[in-house]
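J.: Residues per chain, in single letters:
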Amino acid sequence: MGILEVKNVRKRFGGLQALSNVNLSVTENSVHAIIGPNGAGKSTLLNCFVGKLIPDSGSVMFDGQSVLGRAPHEINQMGISRVFQTPEIFGDLSVMENMMIPCFAKRDGAFEFNAVSAISSQKDIIEQAEQVLEDMNMVNKRHMHASALSRGDKRRLEIGMCLSQEPRLLLLDEPTAGMARADTNNTIDLLKEIRDKRNITIAIIEHDMHVVFSLAERITVLAQGAPLVEDTPENIKGHPKVREAYLGETV
Amino acid sequence: MFGLNQKDGQLILIIAILVFLAPFLLNPFPVESELAQFNAGYPDLMQRFIIFGIFAIGFNILFGLTGYLSFGHAAFLGVGSYSAVWMFKLLSMNIIPAVILAVLVSGVFALVIGYISLRRSGIYFSILTLAFAQMSFALAYSVLTPITGGETGLQLALDDPRILGQQITEQGNIPVPSLFGLEMRDSMDVVIGPWLFTFNVGYYVCAIIMMISFYIAVRIFRSPFGMMLRAIKSNQQRVNYTGLYSRPYMLAAFVVSGMYAGLAGGLMAAMDPLAGAERMFWTASGEVVLMTILGGAGTLIGPVLGAGMIKYMENIISKINETILHEWFRWMPDGIEDLVVTLIYPFIGKGWHLTLGIIFMVVVIFLPGGLVEGGQRIMRLFRRRSKSRNTTNSSDTFDSAS
Amino acid sequence: MDAIILQIMNGLDKGSAYALIALGLTLIFGTLGVVNFAHGALFMIGAFCAVTISRILALSHQIIDESKTDFLGNPLKVDVPYVYEWFGSNVGDAIIDWAVPISIVFTIPVMIFLGVIMERGLIKYFYKRPHADQILVTFGLAIVLQEIIKYFFGANPIPTPAPSAFVGSFDFGALVGFDTNQIIYPYWRLVYFLFSAIVIAAVFAFLQFTTFGMVVRAGMADRETVGLLGINIDRKFTIMFGLAAAVAGLAGVMYTPINSPNYHMGMDFLVLSFVVVVVGGMGSLPGAVLAGFLLGVLQSFASMAVIIDLIPGINQVIIYLVAIIILLTRPRGLMGQKGVMED
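Chains as they are written, first to last, in the numbering used here: chain A, 1 to 251; chain B, 1001 to 1402; chain C, 2001 to 2343.
Calculated from the structure, these hints are not laboratory results.
The reader is advised that the hints may include incorrect statements.
[As the list claims (entries may be wrong)] Here are the simulated DSSO-like pairs of lysine-lysine, each with C-alpha atoms no more than 27 Å apart in a straight line:
| # | chain 1 | residue 1 | chain 2 | residue 2 |
| --- | --- | --- | --- | --- |
| 1 | C | Lys2124 | B | Lys1233 |
| 2 | B | Lys1319 | A | Lys141 |
| 3 | C | Lys2124 | C | Lys2236 |
| 4 | A | Lys52 | A | Lys141 |
| 5 | A | Lys141 | A | Lys106 |
| 6 | B | Lys1319 | C | Lys2150 |
| 7 | A | Lys123 | B | Lys1007 |
| 8 | C | Lys2128 | A | Lys154 |
| 9 | A | Lys106 | B | Lys1233 |
| 10 | A | Lys192 | A | Lys141 |
| 11 | B | Lys1007 | B | Lys1319 |
| 12 | A | Lys106 | A | Lys241 |
| 13 | C | Lys2128 | B | Lys1233 |
| 14 | B | Lys1233 | A | Lys52 |
| 15 | C | Lys2236 | C | Lys2128 |
| 16 | A | Lys7 | A | Lys52 |
| 17 | A | Lys123 | B | Lys1233 |
| 18 | A | Lys141 | B | Lys1233 |
| 19 | A | Lys237 | A | Lys7 |
| 20 | A | Lys154 | A | Lys106 |
| 21 | A | Lys237 | A | Lys192 |
| 22 | A | Lys197 | A | Lys241 |
| 23 | A | Lys197 | A | Lys141 |
| 24 | A | Lys241 | A | Lys7 |
| 25 | A | Lys237 | A | Lys106 |
| 26 | C | Lys2150 | B | Lys1350 |
| 27 | A | Lys154 | A | Lys197 |
| 28 | B | Lys1233 | A | Lys154 |
| 29 | A | Lys141 | A | Lys154 |
| 30 | A | Lys106 | A | Lys123 |
| 31 | B | Lys1319 | B | Lys1350 |
[To be verified] If you anchor each label on the Cβ, the simulated ranges turn out as follows:
| # | chain 1 | residue 1 | chain 2 | residue 2 | range |
| --- | --- | --- | --- | --- | --- |
| 32 | A | Asn137 | C | Lys2128 | 31 to 37 Å |
| 33 | C | Pro2286 | B | Ile1365 | 33 to 39 Å |
| 34 | B | Thr1342 | C | Ser2067 | 23 to 29 Å |
| 35 | C | Phe2206 | A | Asn137 | 55 to 61 Å |
| 36 | C | Ala2202 | B | Thr1342 | 38 to 44 Å |
Backbone N, C-alpha and C fix where the C-beta goes; we use that ideal spot for every residue, glycine too.
This is chain A alone, in the form it adopts within the complex:
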């Protein structure tokens, strides 16, 4: 029984069958990659996990509980954090504030009317946020406006924000899309470190095979809205169907 169990999920947009009968099981404390050509339904599937989309039929269970019909914030409070394709951070706030907000969400829940105490008096939150900044190697940037960060730092910040919530499942949507090689390698190292040091399950959607093969323990190949194969990276590399459908000439 995996931490995330996806059963018979279908989703149709008008005339387009985006997902047709997807089954997937993500084992706890593993890194599971979902790959597939453009339009295979990877992002649609991910959106079904976090409450942005509701599938037409099927079930998505997280740790034995259904996530379907729940709002994004409820799903997050269950322990799923998401990193977006383009970093979604609070651009108008400082890096430190960016890091504190998820800490508040973790401590106080989805809503807490705390207009009485000053932020500076929240010692535990500040400590926690500083700790994550240190882990992310961003302490020297704590006063910067988040919008002024480089692309790689924005990604780092976003991952840090997700980690500060100590999620059980971390979803990454093409975390290295549009990044320079050096930034990509930094991100891979960061994710490896997370994989090795924390008890977090990671599900990652990725285009870049280099990223996938250096991180994933299991890979699901999605094609035309349905899983083609699911196997270990070694077997996927050699799988004829995958070569044909997706990897083709690149490997």
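Given chain A, put chains B and C in place with the hints provided.
T.: Showing chains B and C alone in chain A's frame:
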């Protein structure tokens, strides 16, 4: 001091000093001088500075922090006024229950309107709030006449019950609003040489209430709640995916800001015990938007500055007429004098709205941060000149929004 | 039955004005993505174009009429409009009488010019700024425009009559077979309705059948893609802005005989027109027209004595009430497209 950091404490202290010395500061010109018409230190106008300041402070909690532009905040002001006047009619002329009821009733109103309006965001939110306010205005004007007094407005009458207070004064008049016997309209005139200063009870009552409101606003800005609101403004999607439910945050901000408007409305009635539907008209909502933007939305002091500036212009610039202009420019050669007067004339007197519109446009285009940003730019310019270079950005993060 | 027809017809003229203003608002919003709070001011300026033209046409000078004398026996001075001298008194009279329709010819270029200046001089710089900023700057512009008009024309409404041929009413009910005197309808309102219908049809035809319109419609659907095709979409949008201004101006010109223009009429109509746009669906042209007429007619029904007795005050709030209900139940409005201002 009071759970504030040093910078905020200083800011509040400075404002408190300015507000309490305002009767002096706003009357810099001797009574007999030509410039006396620029004196703003008379009770009626000073009360208005303060009351609209409160209104704008509250509006800023919603717009400045969350970026949600409400075009219907005047409805809460009107509701506050009506509630206060009803308190004067039924209970007593003491302003405390009147103001408290004004705040509570407008809070309930804001809860209902906010609950519905906040289901949508962006321009739809603006239109929904506008629709609600216009609806309230139309109803107050017509069907609700028994409660609102309709076109004539809600006024006090001799036969109002006032069960806890005096129904009629010994002279047979309607009593005036008071704070435990201290009448709001009471003033003390102090003559120092050619100067005249008026110290009005109502003004100081309002001033104290404004300082409390301002203090609360500062606390909200510096609280985790305030930070969440800024986060919503910055990236609502990320807020939701961070496990925070943005709607109750927004609703809380909306209600708090509606209560500020109700407080302002209640004080308005406390200074002058009548209430009319025109206080709810959408132009009145537009006015508080202007004040907040002009001063600087999202800053602490901006809305107060904006409110002061607009009310000053409304009262002082609108009083300047052609004769006064001619007097000012008498030293110029005749032809040029006429030309100058003709050029300036459209912008003063009845044309002050034109000046207001132009200033407002200039601010939105060139100074989105309002007067506060303008001030900061000038300061920076001076600093850059005085010190050759000092690059460290030393402002601490969670109080950078001053 | 006749009462219902009467109410529908009564709602048509207001509905026409709403529809025309909302059409322009939607055009601007759909093409440029700008929320234009100054659009009501354009409507008002159109109305004052009619006032100005009427005044210009009626310009006169004094001449001494030898044939008449005043009570002192001196020759009488009479005001003679220039148009009398140029075209003779019959044609001259007709020209002055028809001042409002004649203004249309002058208003179109004036409004297009004004619209283009507005877009190039101000709106252009706000495409990338948040909607709140757009609302605020156009709100400021609206104040400035209406104050300028107030400076030149004063604060009081200026009566501007329709041509005498269209003054008065006719018995519409008798025409279509009801009892006489049941449906009395003023001529000019019918003219206004027909005029709006023509303008609306012209705008739609223009967008439907010309290459220009095709590009604009494509631009409304997906601005970036059209830009990538190498079509100079900005220039086209500028012209679109001019067109929207002209539509608002025309609505204003022809509205003058129904309501004497005053400087704040634009703001009064703007608030309602925005509600109309939102009800119709942001960015949907047919939606704007449909919602305009629908709300105009609804408002007229709500003003019936029977209905007011039933629900007091409903005539005051009906439009807002409908808007609130629609926004909450159909977030995209009646005919809004997916993806346009979803939130």
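J.: Measuring from beta carbon to beta carbon, are proline 2286 of chain C and isoleucine 1365 of chain B in 33 to 39 Å?
T.: Since the Cβ atoms of proline 2286 of chain C and isoleucine 1365 of chain B sit about 34 Å apart, the hinted range of 33 to 39 Å holds.
J.: With the threshold set at 27 Å, check whether the alpha-carbon distance from lysine 154 of chain A to lysine 197 of chain A stays at or below it.
T.: 22 Å, holds
J.: Given the range 55 to 61 Å, decide if the beta-carbon distance of phenylalanine 2206 of chain C to asparagine 137 of chain A lies inside it.
T.: 59 Å, holds
J.: Holds or violated: are the alpha carbons of lysine 141 of chain A and lysine 1233 of chain B at most 27 Å from each other?
T.: 22 Å, holds
J.: Holds or violated: lysine 197 of chain A with lysine 141 of chain A, Cα cutoff 27 Å?
T.: 24 Å, holds
J.: Tell me if the straight-line CA distance from lysine 237 of chain A to lysine 192 of chain A falls inside 27 Å.
T.: 20 Å, holds
J.: What's the verdict on lysine 2128 of chain C and lysine 154 of chain A, does the C-alpha distance respect the 27 Å limit or exceed it?
T.: Measuring from Cα to Cα gives roughly 22 Å; hence the hint holds.
J.: Compare the distance between the alpha carbons of lysine 1319 of chain B and lysine 2150 of chain C with 27 Å, and conclude whether the hinted pair is satisfied.
T.: With a Cα-Cα distance of about 18 Å, the restraint between lysine 1319 of chain B and lysine 2150 of chain C holds, given a limit of 27 Å.
J.: Is 31 to 37 Å respected by the C-beta to C-beta distance linking asparagine 137 of chain A and lysine 2128 of chain C?
T.: 34 Å, holds
J.: Starting from lysine 2150 of chain C, check that the Cα of lysine 1350 of chain B is at most 27 Å away, please.
T.: This hinted pair holds, its Cα atoms lying about 10 Å apart.
J.: Please work out if lysine 1007 of chain B and lysine 1319 of chain B have their alpha carbons no farther apart than 27 Å.
T.: Between lysine 1007 of chain B and lysine 1319 of chain B the Cα gap is close to 38 Å, so the pair fails against 27 Å, i.e. violated.
J.: Can the restraint linking lysine 241 of chain A and lysine 7 of chain A be considered satisfied, given a maximum Cα separation of 27 Å?
T.: Between lysine 241 of chain A and lysine 7 of chain A the Cα gap is close to 23 Å, so the pair holds against 27 Å.
Going through the hint list in order, the structure does not satisfy hints 2, 4, 11, 12, 22, 25 and 34.
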